[in-house]
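Engineer: Just so you know, the protein sequences line up as chains A and B, in that order. With the first letter of the first sequence counted as 1, position 16 gets the number 16 in UniProt numbering; the numbers rise by one all the way through. With the first letter of the second sequence counted as 1, position 145 gets the number 145 in UniProt numbering; the numbers rise by one all the way through.
By construction, these hints were calculated from the structure, which means they are not laboratory data. One should not assume that every hint holds.
[Claimed, not checked] Quick partial rundown of chain A residues pointing at chain B, CB under 8 Å, derived from the structure: (1) 52; (2) 100; (3) 152.
Ideal Cβ placement from N, Cα and C applies to all residues, glycine included.
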Amino acid sequence: MTEPQLSIRQLSKRFKTGDGVSDITLDVQPGEMVTLLGPSGCGKTTVLRSIGGFLEPDSGDILIRGQSVLKLPPEKRPTAMVFQSYNLWPHMTVYDNLAFGLHIRKHKKAHIQRAVTDALELVQLAPAARKYPSELSGGQQQRVALARALLLEPDVLLLDEPFSALDAKLRMEMREELRDIQMRTGMTMVFVTHDQEEALSISDRIVVMHAGQIEQLSTPQDIYDRPSSLFVASFIGRINLLPAVSDGTRIRLQSLELEPQPGQALLPGACTIAVRPEDVYLTDEQHSLAGTIRQVMVLGHYAEVSVVCDEQIIKMFVPREQAVHLLNGQAIRIGLRKFTAFPEQTAGITVSHTAASQAAATV
Amino acid sequence: MSHSVKRGMLGLALVIPSFLILFVVVILPILYAVQESLIDQNSGEFGLGNYIRMFTEPAMRTNIIYTLNVTLVSTVIALLVSYALAVYLRFGKGWMARWINRLYFIPMFVPGVIATYGLITLYSNHGWMARLLLLIGIDTFPKIIYSYSGLLLANLWFNIPFATMLLSSALAAVPNSVVESARDAGASSLQLFFRFILPLSYKTMWVALTFIFMGIIGSFTAPFLIGANSPQVLGVAMQQVFSNYQETHTASAMAVFMFLLCSVMGYFYIRTMGQDLDKQS
């Protein structure tokens, strides 16, 4: 096994307000893109700023290529950071912004010129070299900021919600571009975001954080398909959360008896069933839930259908051709392809029932 | 009448009241003072006699040099101290920084006369300082009040809080991410200051410099109460020439000279601001 590029060990940092993180352990392999994902206040930025040296952790250690960097100030660490906004130095031209770090490292002038030109070409902004940051659009500024960080050739590149101030379309483009650059340069990156879609689309692995702790650490696919907790389930993607009762071997959801998914043991008692809209299907089988259609919304190539079953709203995705035949108020039957069940205890801790179903409805 | 002409007239009508006030209370007196200064105090003839005397009479020349000396030294020290203080308040995190932040502007709320008498009671030969030192057996106390140093002290007391306030707000406008990204790129503390903090706040530094300079060069109360009898700063000397000797024309010449000194400062100030506008546009 190769040595991890970045290793965080039992990192803890608590602020006076009570916010912060505790016991964060994470290894990032060379060339990997790991995303810290969570709602605001979950501590993801705290972890990132600790790696960059802008916060001093209470305990734990941070190693980059096997060396502890905990004692080093930001300017001595082999990291570079892209900030959320106000990233560029307003009194310097784009060229000077990029060249500054290399000047400090006492590179030769010819070398600096070549490196800066290359970096600007990498982010497709070669003509902007003589401009001031205020003359660039938000997206261009963030691209320059990215180029500036890349130029420093850090061992780990840290990105703190770099695209959150941009509009949706630009955000998508920047995402692709970043992934592209990461593939080409093979740079190790730690990315912070609260946007689950962004995290799913660009990461090799995602760290879902909640209330200062790691909730789940896995690949995007795995996190989407096998959320380890009700919080992860409700935070990532769209999901229906339905109250159910388990007797230890079988789960009763309204009129339906369900077998737990393989490998899932459930204690007797109340539980919550999490099922994604794409795993709900229309059926004629008797072993299914009866409901009435409340709303059909066409969203491009598919439609989102809200079905009321025993006063619970269940959202499902239906191919558009099929949705044409569905009418409001129509009685239908639906089945669940796959689902995850969470015992009530964890549900009580993380999200209450109503809050969870509301969250699912708004995600 | 066309629409644009009407709008032009309206604009003029709105400007005229303030222009008239400006004309009557500022421009006219200046012109009058210039005219007065050009009438020779001794002969009554029109000419540069007052100015020539001002720059050739030894006592007056000493006063001018003394004034410039006090002003420049006080301005530089006040600016350095305020800058250091503002940087400390911007980046300092301890209880000290918090307390200084709450207290530093108090001198601005103390009237000048009271502050000056305060300085006298504190630092004069039989003042509190001298007595406190006597308690621990030190019976020599330097002459601070009624001298150059007393004047310097008063100037610092009056100008540091204001300059600090100006500079603090300029430094507060420097975003944290600029500072952090600079350090991230490898800038040391010195580089951080000279390449980032200073360029991003030097415009305000010029404002502070101009205000301190003008305030000190035209000051009267403190130097009148706390300064030496000779040499004197121009403000005090002018008052003496005007009231005691009743030499209106000589006093006018001094006033015009002071006005010119301030204009030089104003010229640099406006030029700096203009350069910045060019860069931004």
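Engineer: State for each hint whether it applies.
Structural biologist: Comparing the hints with the structure gives:
1. 52: Where the cut-off is 8 Å and the nearest Cβ of chain B is about 6 Å from residue 52 of chain A, the hint holds.
2. 100: The hint holds - residue 100 of chain A has a Cβ within 8 Å of chain B, the shortest such distance being about 6 Å.
3. 152: holds, 6 Å
Hint compliance for this structure: no hint is broken.
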